[in-house]
Every structure is written in C-alpha cells, then in structure tokens.
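K.L.:
Given only the sequences and the hints, what does the whole structure look like? Please build it.
Residue numbers (numbering that gives the first Met the number 0), protein chains in the order written: chain A, 0 to 308; chain B, 0 to 285; chain C, 0 to 328.
Keep in mind that the hints are not guaranteed to be accurate.
Some chain B residues flagged as far from chain C (calculated, every beta-carbon gap over 10 Å) [claimed, not checked]:
#, residue
1, Ala-27
2, Ala-37
3, Leu-51
4, Gly-114
5, Ile-165
6, Ala-181
7, Val-182
8, Gln-231
9, Met-234
Just a few of them, taken from the derived set where beta-carbon distance is under 8 Å, the chain B residues facing chain C [claimed, not checked]:
#, residue
10, Gln-176
11, Gly-177
12, Tyr-178
13, Leu-185
14, Ala-187
15, Thr-188
16, Pro-199
Stretch-level coverage of chain A by chain B, calculated; a stretch enters the list once three of its residues show a Cβ under 8 Å from a Cβ in chain B [as the list claims (entries may be wrong)]:
#, region
17, 13 to 23
18, 142 to 152
Derived from the structure by calculation, the hints contain no laboratory data. Note that beta-carbon positions come from the ideal geometry of N, C-alpha and C, so glycine has one too.
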Amino acid sequence: MVRFFAIRIFRALLTIVLVVTFAFVVLRLSGDPALMIMGPEAPPEVIAAFRKAWGLDDPIWMQYVDYFGAIAKGELGRSMRDGRPAIALVLERIPATLMLTLPALVFKVGIGIPGGIYAALHRGSAIDRVVMITAVAGFTVPGFVLALVLVLVFAVQLGWLPSGGQESWRHAILPVATLGLGGAAVLARFTRSAMLEVLGQPYIRTASAKGVPWRMVVTSHALPNAAIPTVTILGFMVGTLIAGAVVVESVFAWPGVGRLLVVAVANRDLAVVQCILLLVAMTMVSSNLIVDFLYGFLDPRLRAKGAQA
Amino acid sequence: MTDATLKDIAAGRRLALPKIPVSVAIAASWIIAMLLLAIFAEKITPYGFTQLDLRNRLAAPGNAAHWLGTDELGRDVLSRLLVSIRISLLIAFGATAISTVVGTLLGFLAAHFRGIVEQFVLMLADFQASMPFLILALAVLAFFGNSLTLLVGLMGLFGWERYARIARGLAISANAQGYAAAVRQLGATPSRVYLRHILPNIASTLIVSTTLVFPEVILLESGLSFLGLGVQPPMTSLGNMVGYGREYLTRAPWIMLAPAATIVVTTLSVSVIGDWLRDRLDPTLQ
Amino acid sequence: MSALVRVSTVSRTYTMRAGLFGRTVDVHAVDGVSLSIPKGETLGLVGESGSGKSTTGRIVLGLEPPDRGEVRFDGAPIAKLATPQWRMQRARMQMIFQDPLGALDRRLPVAAQIREPLDIHGIGTPAEREARVRELLRSVELTEQHGIRYPGALSGGQRQRVVLARALATWPDFLVCDEPVSALDVSIQAQVVNLLTDLQAQLSLTMLFISHDLRVVRQISNFVAVMYLGRIVEYGSADDLFARPEHPYTQALVSASPAPGRRSAGRVVLSGDPPNPAARPAGCAFHPRCPRAIARCRNEVPQLASIAGDRQVACHLVGGSQVHSRDAA
Chain A
0 MVRFFAIRIF
10 RALLTIVLVV
20 TFAFVVLRLS
30 GDPALMIMGP
40 EAPPEVIAAF
50 RKAWGLDDPI
60 WMQYVDYFGA
70 IAKGELGRSM
80 RDGRPAIALV
90 LERIPATLML
100 TLPALVFKVG
110 IGIPGGIYAA
120 LHRGSAIDRV
130 VMITAVAGFT
140 VPGFVLALVL
150 VLVFAVQLGW
160 LPSGGQESWR
170 HAILPVATLG
180 LGGAAVLARF
190 TRSAMLEVLG
200 QPYIRTASAK
210 GVPWRMVVTS
220 HALPNAAIPT
230 VTILGFMVGT
240 LIAGAVVVES
250 VFAWPGVGRL
260 LVVAVANRDL
270 AVVQCILLLV
280 AMTMVSSNLI
290 VDFLYGFLDP
300 RLRAKGAQA
Chain B
0 MTDATLKDIA
10 AGRRLALPKI
20 PVSVAIAASW
30 IIAMLLLAIF
40 AEKITPYGFT
50 QLDLRNRLAA
60 PGNAAHWLGT
70 DELGRDVLSR
80 LLVSIRISLL
90 IAFGATAIST
100 VVGTLLGFLA
110 AHFRGIVEQF
120 VLMLADFQAS
130 MPFLILALAV
140 LAFFGNSLTL
150 LVGLMGLFGW
160 ERYARIARGL
170 AISANAQGYA
180 AAVRQLGATP
190 SRVYLRHILP
200 NIASTLIVST
210 TLVFPEVILL
220 ESGLSFLGLG
230 VQPPMTSLGN
240 MVGYGREYLT
250 RAPWIMLAPA
260 ATIVVTTLSV
270 SVIGDWLRDR
280 LDPTLQ
Chain C
0 MSALVRVSTV
10 SRTYTMRAGL
20 FGRTVDVHAV
30 DGVSLSIPKG
40 ETLGLVGESG
50 SGKSTTGRIV
60 LGLEPPDRGE
70 VRFDGAPIAK
80 LATPQWRMQR
90 ARMQMIFQDP
100 LGALDRRLPV
110 AAQIREPLDI
120 HGIGTPAERE
130 ARVRELLRSV
140 ELTEQHGIRY
150 PGALSGGQRQ
160 RVVLARALAT
170 WPDFLVCDEP
180 VSALDVSIQA
190 QVVNLLTDLQ
200 AQLSLTMLFI
210 SHDLRVVRQI
220 SNFVAVMYLG
230 RIVEYGSADD
240 LFARPEHPYT
250 QALVSASPAP
260 GRRSAGRVVL
270 SGDPPNPAAR
280 PAGCAFHPRC
290 PRAIARCRNE
300 VPQLASIAGD
310 RQVACHLVGG
320 SQVHSRDAA
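P.N.:
The structure is reproduced here in structure tokens:
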C-alpha cells in the first residue's frame with residue numbers, strides 16, 4: 000500500500016518535471032529568450048542586462064537548474080502586454096472559468112452517469128439508443144460548432160438568451176450547456192460500456208442466480224465495480240476544470256483562463272502561456288493523483304498489484 | 000436523402016457486398032467523396048477561393064452563380080469549402096501518418112531495448128496522455144509562431160502515445176512468441192524482425208487505432224483554426240471557415256454551417272468505419 | 000574424434016521475484032554442465048520439464064549467455080549475443096522448435112520463410128535462392144505447391160518440415176532440436192524423426208536432440224546425457240546407457256518407458272514431488288525421490304565421474320563397491 004502510493008507520488012512529480020522541461024526546451028528552441036521576451040526593438044544594453052539577470056550566458060544545464068528554482072519560487076515572469084506578473088493575471092481569471100466549468104461538471108456527472116447506467120440496464124431500449132446516438136454526436140460535433148448552433152437557435156432565432164458576455168447568470172447558460180452536453184455524452188457512453196462489462200461478469204450472474212434481488216445486485220455488486228473505470232475519465236474531467244473551456248470561452252467572449260490563453264498565444268505573450276501551461280499541469284497531476292488514490296480504495300486487487308509492481 | 004434512396008443504396012450494397020452494413024457503406028462513400036473532392040479541388044472549384052465578387056456579398060445559397068452562397072467579401076463559399084476540405088484532410092492525413100510512424104517506432108524501440116528506453120517511452124506516453132493536448136499545442140504555437148509545416152508536425156505529435164503503447168505491447172508478445180524469436184535466431188537484424196515480421200502481424204490493430212485518432216486530429220485542427228491559431232489566412236481550412244463565419248452568424252449562417260456540417264459528417268464517418276473495423280479486425284482493442 | 004561443440008561448466012541462474020516486497024529467489028536452471036558433441040554425431044539430452052535441458056540448448060546455440068562457463072563452436076567461442084558476428088554464426092547453427100506453428104510467421108507463404116535465411120545471410124543470387132528453396136522443399140518431402148501456402152493451411156507435420164527446411168537452408172553444421180516432435184501426433188512423430196535421421200546421415204549434421212521422450216531419443220542419438228534439476232546425472236553412449244542405466248533416476252526413466260527387447264520387470268516408480276528448480280534440495284537434488292538414498296545423499300553433492308568406458312554417473316551409490324548393488328537390470 001505504501002509502495003503503491005509512493006510510486007504514484009513519484010510519477011506525479013515526474014510529470015511536473017517533464018512539463019517544466021517541456022516549457023524550458025520549447026522556450027530555448029524557439030529562439031533567444033532575451034529577444035523573444037524583450038522584443039527585437041529593445042536596446043542592446045537592455046538585452047544584455049536581461050541576459051545577465053536571467054543567467055542566459057551560463058551553461059545550459061545551469062540555466063535549466065535555475066529555471067526550476069525560479070518556478071519553485073513562483074517567479075513566472077511578467078506579461079509582455081501590461082508588465083504585471085503573469086501568475087496574478089492568470090489567477091484573477093480562474094473564478095470566471097470555474098463559473099463555467101464547475102456547473103458543467105455537475106451537469107456532466109448528473110446527466111452522464113445516470114444516463115449511462117440506465118442505458119446499460121435497459122440495453123436496446125429507446126433510451127439506450129438515444130444515449131448512444133447522443134454520445135456519438137457528443138464525440139463528433141466539435142465544441143465550437145455546438146456552441147454556434149446553440150447561439151443560432153437560442154440567441155439569434157428565439158432570442159431567449161444572450162449570445163456572449165458575462166453580465167448575469169443568464170449569460171452562463173449557453174456556455175455551460177455547450178460544455179456539459181458534450182461531456183455528458185462522453186461520460187454516458189463510458190459509464191454504459193463499463194456497466195455492460197461488469198454486468199457480463201460471472202459474479203453478477205452468480206449473485207442473481209443465488210436469488211439476490213436485482214436491485215441489490217446492481218447497487219452492491221455492479222455499481223462499485225463499474226465505478227473504477229468511470230473514475231478515471233472523471234479525474235481527467237476534473238483536471239480540465241481550469242483550461243477545459245478554451246474554445247467555449249472564445250465563442251462566448253467569456254473572460255476566463257481559456258480566453259486569456261488564446262489571446263496570449265496570439266500575441267506570443269510567453270510568460271502568460273508558460274504560467275497557464277504549468278498551472279494546467281499541476282491541476283492534471285493533482286487530479287490524477289486523487290484518482291489513483293481513489294482507485295486504491297475502490298479496487299483492492301489494484302492495491303495488491305501496485306504493491307508487487 | 001429520402002428513405003427510399005437510402006433503401007435503394009442499402010439493397011444495392013447488400014447484393015454486392017453482403018457483409019458491409021449500410022451505415023458503413025454510407026460512411027465509406029462519404030470519405031471517398033471527400034478524398035476525391037480534396038484531390039481534384041483545384042480542378043472543380045467554380046471560382047478561385049480568394050476571388051472577390053464585391054457586388055455579390057453575403058449572397059444566400061441556392062442561386063445559380065454561387066450554389067452555397069458567398070461570404071462577406073463575396074468569395075464563393077463552395078470554392079472555399081472545397082479548398083478547405085483539401086487543406087484539412089491534408090493536415091489530418093499528414094499528422095496521422097507522422098503519429099503512426101513515430102508512435103510505432105517508439106513502441107518498437109521500447110519493446111526491443113526494454114529497461115531504461117522502455118521506461119522513458121512509457122514516461123513520455125504517460126505525460127502526453129495526462130496533459131490536454133490542446134494546451135500543449137497552444138503553448139508550442141505561442142513559442143514558435145505558426146506555419147503549415149509546424150502545424151502538421153504539431154498535430155503529428157497527437158496520439159502517438161496510443162500507437163506506442165499498442166506497438167510495444169504487441170511487439171513484446173510477438174517477441175515472446177515463436178516467430179520473432181525464430182527469425183532472430185536465423186540471424187536476422189532487429190530491423191528485419193520488426194519491419195518484415197512483427198509489423199505486418201500487428202498492422203490491423205494499428206490501422207484500427209488510426210481510424211480512432213484521425214477524427215480527433217480533424218477536430219483538433221479545426222478547433223485551433225477556429226480560434227485563429229491554426230491555418231492562417233489567406234489559406235483556409237474547415238475550422239478556419241467556421242471561425243470567420245461566426246461573425247456573420249446572424250446575417251449569413253450558411254458561411255459557417257456548410258464547413259461545420261462537413262466536419263461533423265466526416266468525423267462521424269471515420270468513427271463509424273473505425274468502430275466497424277475494430278469489431279471485425281480486433282475486438283480486443285478498448 | 001574432434002568435437003564440434005564443446006560446453007565447459009556452464010551455469011545459468013534466473014532471479015525470480017516472489018512475495019510482496021520483492022524478495023528474490025535464485026533459480027539455478029543450469030548448474031555446471033559440460034558436454035561435447037563430436038562432428039556428425041547426435042547427443043540426446045533427456046530430462047523432465049524443469050531439468051534445464053531447454054536452457055542448455057539455448058546456451059549451446061548462443062541464444063542465451065551463460066553466467067559462468069564457456070561454449071566453443073568449432074574451436075572458437077560463440078560470439079556475443081546479437082552482435083554482427085553472432086548473426087553471421089547463425090548460418091552455421093540452427094534450431095528446430097517444439098511448436099512449428101509458433102515458429103513460423105502466419106502472414107508469409109512458407110517458401111518465403113524457407114528462403115529467409117538465404118536473404119539474411121546474402122547467399123546466392125535470387126534465382127539460386129529460388130532453386131535452393133525448391134531443393135529444400137523436396138528434401139523435406141514437400142512439393143512446390145506447399146511452398147505457396149501459408150503456415151495456417153498446412154498440417155502440424157508439414158509445418159515442422161517447413162521449419163526443418165528453413166533451418167537447413169544455409170547448410171548448417173549444427174542443429175539443436177528442442178522437443179521437435181512432442182507437439183505432433185504420434186503417427187506423424189515417426190515420419191519426422193525418420194526424416195531427421197535420414198537428413199542427419201546425408202548431410203553429416205551434428206545435432207543436440209532435446210526431448211523427454213526416451214523412445215525418440217534412443218532412435219536418433221549416438222550419445223545421451225540425462226539432466227535432473229540443472230545438472231547432468233548420467234552420460235554415455237545411447238545403446239549402452241539405455242541397456243544398463245546406472246543412476247537411479249535414469250533407471251526410473253528407462254523403466255517407465257517400454258521398449259522392445261527389454262524385460263518389463265523391475266519397474267522403478269518415482270515417489271515424492273516432481274522437481275522444482277526454485278527449491279532445489281541440498282546434497283543430491285534427486286535424493287527426496289530416490290528409492291535408495293542414504294544419509295550422504297542429503298548433504299553431499301555427487302560429482303559426475305567416469306565409471307567404465309565413456310560412461311559417467313553422478314551418484315554416491317554408483318562406482319566403487321556399490322556398482323552392482325542394483326536390484327534388476
């Protein structure tokens with residue numbers, strides 16, 4: 000058990016190191032960071048000062064180590080556009096994003112998981128078919144198309160809801176629906192196949208053959224086992240709370256992290272992009288870690304395997 | 000398409016190729032049509048895709064001169080759509096080819112050397128699988144700027160980890176089975192063992208995986224282009240058209256609807272074919 | 000008589016992980032085995048599963064490096080695994096596998112697979128290679144029609160003939176056959192064994208023939224080595240050894256295998272657990288199952304020693320005064 004958790008924590012740290020390395024490598028490959036960050040018009044003495052301050056004349060491995068040190072201290076650079084610390088810019092956008100992603104997550108879980116379970120238990124029924132068709136649509140219709148169709152119908156044609164902005168809770172309805180519908184479809188499809196797989200297992204047939212009421216078989220045998228794969232995908236969804244709304248925020252002009260990222264990429268505001276990248280990595284890694292720990296409690300077999308590995 | 004024509008197609012297909020379901024036949028026909036349109040795009044476009052017709056701006060679809068209407072600068076939507084299909088498919092095919100080759104190669108390297116090489120490949124695969132690819136892609140675009148080559152290369156990094164995992168797993172089991180060991184002890188070099196023997200034996204599984212990754216690449220490219228960070232004007236792609244079309248959502252929804260529908264139907268078709276192939280060739284996958 | 004293959008005290012130990020926290024157990028698959036096979040002769044290697052006979056075969060072929068000891072082929076040490084020299088050497092030494100279907104690529108016609116060693120070692124022009132494939136198919140009693148088929152469309156015996164043809168493609172000097180017929184029907188076993196015997200005589204091949212089946216080994220071998228838990232317990236010329244087995248284990252094996260011209264009286268039945276290489280008993284590894292074990296067998300490992308002629312036995316009870324203390328022979 001201790002070994003299992005130790006391996007997972009080690010892997011999580013390794014992922015963080017990889018992301019930082021990725022950012023470092025990409026930053027160095029993309030050209031002279033001094034020119035990139037200060038701009039080509041900067042006077043040579045300013046460039047030289049910058050190089051010195053950032054240790055750009057040191058050997059590359061030393062720069063790499065320093066880079067880690069700077070990140071550990073939270074020094075993530077300043078935005079090129081207004082000179083404010085990148086981290087502050089990003090942090091102040093997080094509440095806006097969470098206003099979309101959290102309700103969307105509730106929607107996905109509230110619709111997707113019961114929908115998937117119901118479809119699996121009534122395989123071949125009309126509801127099952129509706130769930131499956133919606134699930135396929137959820138995968139093949141890109142978020143921006145769904146968003147635009149919703150705008151076209153509910154904002155342009157019917158005029159019920161605003162098409163963009165962040166003035167009131169009504170402005171959040173279409174973005175949340177866009178995020179939620181696609182995610183709910185994916186989650187429903189996943190839950191359904193996890194359930195079907197579990198329901199086909201011999202122990203389920205044994206339990207129902209022994210005369211255990213079907214409701215009991217489902218709640219005490221099938222659901223806990225089907226929960227294991229579902230938790231994985233749920234973990235991924237939690238991990239995308241911060242940056243899962245890039246496209247949707249752009250369509251609805253919602254001032255969240257995703258919109259900030261798109262603008263930063265378009266302006267090549269490297270400090271901000273790097274900051275968001277690291278923040279997303281931290282969120283993903285933490286939620287994966289939580290999922291791994293949940294696994295440990297949900298599945299004793301995995302615990303044993305992890306201990307042996 | 001009416002029910003009657005659907006049934007006709009279904010009946011015709013059943014006579015010719017009894018095992019192919021209707022949905023797969025339709026999906027395959029769609030993909031073939033898309034490929035033909037992409038290949039002959041330049042020959043069949045009624046207008047140049049950047050050609051302006053300022054007197055006919057935002058013309059509605061259905062008129063004789065512009066079947067699918069025109070956009071805000073009077074450019075022919077049909078011509079732009081055809082060129083966009085060409086660009087989007089080119090990127091998707093190029094990227095899928097790169098990620099298949101890179102992933103399979105890394106998977107083989109992991110299976111061949113085991114030890115540290117294998118751990119390293121698996122670590123990279125875990126890393127890639129645990130990060131949302133859109134964010135990584137945006138970061139790279141921010142650092143490197145944008146070009147068509149970079150875009151194809153970047154999309155080519157998408158999904159490699161799935162091929163790598165599959166190729167590694169299958170190559171390890173092939174190595175443990177007799178045929179690879181037998182050829183190796185004949186004195187064959189590793190490249191011969193992997194390319195001539197193991198690769199053909201695992202190709203069907205890799206092809207199925209390709210059909211699962213391909214639609215995601217189309218969606219990813221169109222997403223980036225929609226955000227204005229993918230294919231850059233004057234070049235056009237499906238996502239690009241939707242992105243610029245959204246400005247005229249209220250006045251000229253057709254600018255955006257035609258490419259949006261093309262994206263949806265194409266990804267749907269590839270998925271349908273992929274699911275069918277998976278059931279036929281490799282029921283063990285996923 | 001010059002030896003083509005000479006194996007000197009090779010050992011191979013695998014480390015197995017057992018238990019929750021990775022306690023490791025050493026498995027001595029092969030322990031101090033020495034062998035030599037004269038040119039043109041066949042050595043039979045006999046033992047139960049887990050006796051280390053397959054590992055020995057792989058070490059002899061250089062498919063697996065020994066932890067200790069050395070294998071010399073035609074006077075020179077075998078090249079390091081997977082080096083270009085090692086690959087070159089493969090043309091001269093080949094292997095026949097237990098499972099012919101597993102040893103063939105299901106996605107290539109068998110003629111292409113028979114040709115493959117020639118392609119790999121760059122022997123002959125394309126036309127010469129084609130001719131050689133036809134010749135090989137004939138020599139293993141298959142037709143050209145068989146050549147265009149895939150392994151799945153052939154019978155077990157035909158597949159093993161294909162494997163044999165592929166192994167012989169480069170005119171090798173030395174062949175290791177690891178249970179080559181045990182996966183085949185009994186009726187087909189005899190055909191394949193006869194074919195092997197004929198080819199061996201025709202091509203004056205040197206062979207190491209690994210099997211648990213004494214009948215087959217007796218038919219094909221000039222010399223026989225009996226292995227038990229990684230060690231050779233008895234060695235001798237085939238006729239002599241089968242007629243007068245000295246080691247109690249060999250006696251048990253021989254008496255369990257019916258043979259013409261030998262009285263079936265005095266059958267020795269083994270008791271106790273089958274051998275487990277991960278838990279090797281101290282002293283003589285065979286003592287827990289030996290009907291005649293004495294106190295010394297529990298503590299002291301018997302060494303392989305010559306007793307008469309070329310016969311060698313590793314048993315405290317054999318040699319000196321106890322040579323003829325056996326019940327029946």
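K.L.:
Each of the hints needs a verdict: does it hold here or not?
P.N.:
Going through the hints against the structure:
Remark: the non-interface label on Ala-27 (chain B) is consistent with the geometry, its nearest Cβ contact in chain C lying 25 Å away (cut-off 10 Å). At roughly 32 Å from the closest C-beta of chain C, the C-beta of Ala-37 (chain B) stays outside 10 Å, upholding its exclusion from the interface. Interface exclusion of Leu-51 (chain B) from chain C stands, the closest Cβ pair being 56 Å apart, more than 10 Å. At roughly 14 Å from the closest C-beta of chain C, the C-beta of Gly-114 (chain B) stays outside 10 Å, upholding its exclusion from the interface.
The claim that Ile-165 (chain B) is not at the interface with chain C holds, since no C-beta of that chain comes within 10 Å of its own (minimum 17 Å). Under the 10 Å C-beta cut-off, the non-interface status given to Ala-181 (chain B) relative to chain C is violated; the minimum distance is some 4 Å. Here Val-182 (chain B) does not stay apart from chain C, with its beta-carbon only about 7 Å from theirs, under the 10 Å limit. For Gln-231 (chain B), the shortest C-beta to C-beta distance to chain C comes to about 44 Å, beyond the 10 Å cut-off, and the non-interface label holds.
No Cβ of chain C comes within 10 Å of the Cβ of Met-234 (chain B); the nearest lies about 42 Å off, and the non-interface call holds. At a threshold of 8 Å, the smallest CB-CB gap from Gln-176 (chain B) to chain C is about 6 Å, leaving the interface hint in force. Contact between Gly-177 (chain B) and chain C, as hinted, is supported at the beta carbon level, the nearest pair being about 3 Å apart and thus within 8 Å. Hint on Tyr-178 (chain B) holds. Least Cβ distance to chain C is approximately 5 Å, under the 8 Å limit.
The beta carbon of Leu-185 (chain B) is positioned within 8 Å of a beta carbon in chain C (closest approach about 5 Å), and the interface hint is therefore held. Checking Ala-187 (chain B) against chain C by beta carbon gives a least distance of about 5 Å; that is within 8 Å, so the hint holds. Taking 8 Å as the C-beta cut-off, the interface hint given for Thr-188 (chain B) holds, the closest approach to chain C being about 7 Å. Interface hint status for Pro-199 (chain B): upheld, as the beta-carbon distance to the closest one in chain C is roughly 5 Å, under 8 Å.
Only when three residues or more bring their CB closer than 8 Å to a CB of chain B does the claim for the region 13 to 23 of chain A stand; here the count is 6, and the claim holds. Counting residues of the region 142 to 152 of chain A whose CB lies closer than 8 Å to any CB of chain B gives 7, which reaches the minimum of 3, so the coverage claim holds.
The structure is inconsistent with the numbered hints 6 and 7, although it conforms to all the rest.
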